[in-house]
Every structure is written in C-alpha cells, then in structure tokens.
Amino acid sequence: QVQLVQSGAEVKKPGASVKLSCKASGYRFNIYYMHWVRQAPGQGLEWMGIINPSGDTTSYAQKFEARVTLTRDTSTSTVFMELNSLTSDDTAVYYCARGSTVTNYRAFDFWGQGTAVTVSS
Amino acid sequence: EIVLTQSPGTLSLSPGDGATLSCSASQSLSASQLAWYQQKPGQAPRLLVYRASTRATGIPDRFSGSESGTDFTLTISRLEPEDFAVYYCQYYGGSPLSFGGGSKVEIK
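Protein sequences, first through last, are from chains A and B. When you number the first sequence by the working numbering, it's gap-free, plus one each residue, and the end is 121. When you number the second sequence by the working numbering, it's gap-free, plus one each residue, and the end is 229.
The shape of chain B in the complex, shown without the other chains (with noise of 0.2 Å):
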C-alpha cells in the first residue's frame, strides 16, 4: 500500500501569497496517477488536479501541480481569500485509494 506524506501540516499565509504544499509518495507512483483535493470547512472536498499536473474543469490557474519523483507538489501562485482551506492529495494507481493527511492553509 503507498502511503501519502503530506507536509507541511499547517501553513500560515496573507491573501496575496504564493503557497507550496507537498505530497511525498513511499513509492514510484505508476503514469503521475495522483490528485488534489480542496475541502473547506462542513463541504465535501472538490478536485483541484488530476494526473499530477493537469487542472480538473473549472479551476484557476493559479492552481498548479508538478511532480518529481515520489514528491509532488501543489502551487498556488497568489492566494484568494477562498483559497483557505485544507488540501489533500490522493493517489488513485492501485488499490486501496489512498490519501494524504492534508495540509491546512490557514489566514496568517
């Protein structure tokens, strides 16, 4: 089972600026088969990027994920006000379908 390290647990940012979250993989993930999720408080979470880099439909650029190796990483270039929110990564190559255990962006 891969298992998902998500760091760091609790970022502390403004409205305004740029936020690096990052999802360390136990293993080579197979074809960049992972996602991210927003989830802010009391709803359900929403994809954000699939396939490590690509945007799912509907989401800002200001959205942006990389991979390198076993580490990806979400980018978010300038932070919104609803941008704040706690963020997961998954991956979705095998079985069981794993999570990270989430970053929180939080209003400095």
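Looking at chain A on its own, in the form it has when it is part of the complex (with noise of 0.2 Å):
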C-alpha cells in the first residue's frame, strides 16, 4: 500500500533552517510529483512546492520561493524539502504528499503524517 512516512519533530530556533524528509513506499515513487503543504496552527492549509519525478525541476509558491528548497533522492525513494531563514511563522505541521495522476498531479491522493516544527528562541 502506498506510504509517505515523514522525519520527526524539529525544534529550530529563528534564522536558523530546517530539512525536512518523506520516504515513499508501496508505489513508483519515480512517476510521481510530489509537493509539500503546510498548515500553522489552528489554520489552514498552505501550499508551497511541487517537485517533478526526475527531481530536475520545482515550482514554489512565490511566497516561499526565496526560502524553500525541494529535493528527492530516488535511490531511497525519499524527497526532502529545506527551509531557511526561519522565524515564528514558520512553526507549523508541514506534510509531504503525492500529486494525483488524475489530476496532473496536482491534487493530493496520499499524505504523508505530517511533521511539526517549532520555531523557537
């Protein structure tokens, strides 16, 4: 069955980064974009990148796109997503998740858990 199982909780303090992963399994991790969403507490959800399978082109919300960098490594079928310059709005649940063939990939089928960061001094 497909799985998206994310890193652990990160404590970060502000300015410093953060690197995140998403280990795929259970379908061909090599066909598939993969984006990362993330949501601040009690709010909603925020998209801010998708990676294409080959891992050679990303896109980010215009938001992030000074901060944020996606990568993935598909010998260990994992994608990484790096954040810099971190400040208190940055603390958050980030998720990996799939991109939808059924869609252009640009909806989400499969979710990661989810993975909590705080940004605190």
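Calculated from the structure, these hints are not laboratory results. Please note that the accuracy of each hint is not assured.
[As the list claims (entries may be wrong)] In silico DSS-like cross-links for lysine-lysine, where the CA-CA straight-line distance does not exceed 30 Å:
#, chain 1, residue 1, chain 2, residue 2
1, A, Lys12, B, Lys229
2, A, Lys13, A, Lys23
3, A, Lys12, A, Lys23
4, B, Lys229, B, Lys161
5, A, Lys19, B, Lys229
6, A, Lys63, A, Lys12
7, B, Lys161, B, Lys225
8, A, Lys19, B, Lys161
9, A, Lys13, A, Lys63
10, A, Lys63, A, Lys23
11, A, Lys63, B, Lys229
12, A, Lys19, A, Lys63
13, B, Lys161, A, Lys23
With the hints in hand, could you dock these two chains into one complex?
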C-alpha cells in the first residue's frame, strides 16, 4: 500500500534552517510529482511547492521561493524540503503529498503523517 | 492568483442531517479543476472529490460535488459520526495551487 513516512518533529531557533524528509513506498516513486503543504496551528492549508519525478524541476509558491528548496533521491524514494531563515511564522505542521495522476499531479491523493516544526528562541 | 472563499465557517449539525458546503472562486476555473478534502484533528487531509464532482477512490457516495459557474458545492447527504471534520476546497488548475480557508462541520 502507498505510504509516505515523514521525519520527526523539529525545534529550531529563529534564523536557522530545517530539512525534512518524506520516504515513499508501495508505488513507483519515480513517476510521481511530489508536493509540500504546511498548516500553521489552528489555520488552513498552504501549498509550498512541487518537484517533478526526476527531481530536476521545481516550482514554488512565491511566498517561499527565496527560502525553500525541494529535492528528491530516487535511490531511496525520499523527498526533502529545506526551509531557511526560519521565523516564528514558520511554526507549523509540514506535510508531503503525492500528486494524483487523475489531476495531472496537482491534487493530492496520499499524504504523509506530517512533521511538526516549532521555531522558538 | 485565484482566491477560494469557503462558507459557512462552521456548520453545526446532527448525525443523519445533510450538509452543504460552499466554495466560491474569485474567477472562472479552467476545466473544473477543483478538489475537496476532509481533515480530522491530528490527521492529514484526505482527498474526497476531484474535477469538482468525481469521487476519489473509496469515498462513500454520500459525498457529492457540484459546480455552477464559479461556485462549487460539497454535499454530504446523511452525516455519519466520522464525517464531523474540517473540509477544504483546492484549485489545482494554475499556480500557485490554492486552498480555501476551510469549513468545519461540528456536532450540534
């Protein structure tokens, strides 16, 4: 069965960087686009970016473009999200999600369990 | 950028009731590229509907989606206890991908 297993919770200081991972299993990893979506406490969902199957093309929401990098390792079926220059506004749960083929990979049919990132001095 | 506005913010209903959730787009959406998700506390969202009205795999038929111009609706015909959750719409036809602010269906 499809599984996306994310790395554990992180606590960071303002100005630091965080790199999260999302390991996929149960499907052909190298044909699916992957996304990252975040959710601040008590708030809605916010799309951050997408990475293509080969990992050589990414697209980011303008809000994050200067600070976020998505990468993927096909040898381990893992995608990564690195976010730099953290502030308290980045405190959120971060989800990886698989792009659904029936929506040209732009809606999300499977999600990771989420990784909580807390930014605090 | 397309803005999605969901209403109502909160809907208080009883099991067995019907629920109607709305999502209004700031402009016309190409090819009905709208999805609906359900999210329960402490869980990741779950895809319910895509292409405005097509149920995702394994979604019960009490969930249905429809559209009229720039207005989209998710209808739950008879609420089961497990349906009390927050529901989000998402536009996936352009960039950035965008979500509505969510509608909470709570037990009355």
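Here is what the structure says about each hint:
The hinted pair formed by Lys12 (chain A) and Lys229 (chain B) fails the criterion: a straight-line CA distance of about 40 Å is larger than 30 Å. Between Lys13 (chain A) and Lys23 (chain A) the CA atoms are separated by roughly 26 Å; this keeps the pair inside 30 Å, and the hint holds. Annotation: proposed proximity of Lys12 (chain A) to Lys23 (chain A) holds, straight-line Cα distance about 22 Å (limit 30 Å). Between Lys229 (chain B) and Lys161 (chain B), the direct Cα distance comes to roughly 17 Å. Compliance with the 30 Å bound is thereby established for this hinted pair.
Taken as a hint, the Lys19 (chain A) and Lys229 (chain B) pair is broken in the structure, with Cα atoms around 42 Å apart against an allowance of 30 Å. About 20 Å separates the Cα atoms of Lys63 (chain A) and Lys12 (chain A), which keeps this hinted pair within 30 Å; it holds. For a cut-off of 30 Å, the pair hint linking Lys161 (chain B) to Lys225 (chain B) stands: about 10 Å separates their Cα positions. For the proposed pair Lys19 (chain A) and Lys161 (chain B), the alpha carbon gap of about 26 Å is at most 30 Å, so the pair holds.
About 20 Å separates the Cα atoms of Lys13 (chain A) and Lys63 (chain A), which keeps this hinted pair within 30 Å; it holds. Restraint check: the Cα-Cα separation between Lys63 (chain A) and Lys23 (chain A) comes to about 26 Å, which is no more than 30 Å; the hinted pair holds. The suggested pairing of Lys63 (chain A) with Lys229 (chain B) is violated, with an alpha-carbon distance near 38 Å, which exceeds 30 Å. Proposed proximity of Lys19 (chain A) and Lys63 (chain A) is supported: the alpha carbons are some 18 Å apart, at most 30 Å.
Between the alpha carbons of Lys161 (chain B) and Lys23 (chain A) the distance comes to roughly 23 Å, so the proposed pair stays at or under 30 Å and holds.
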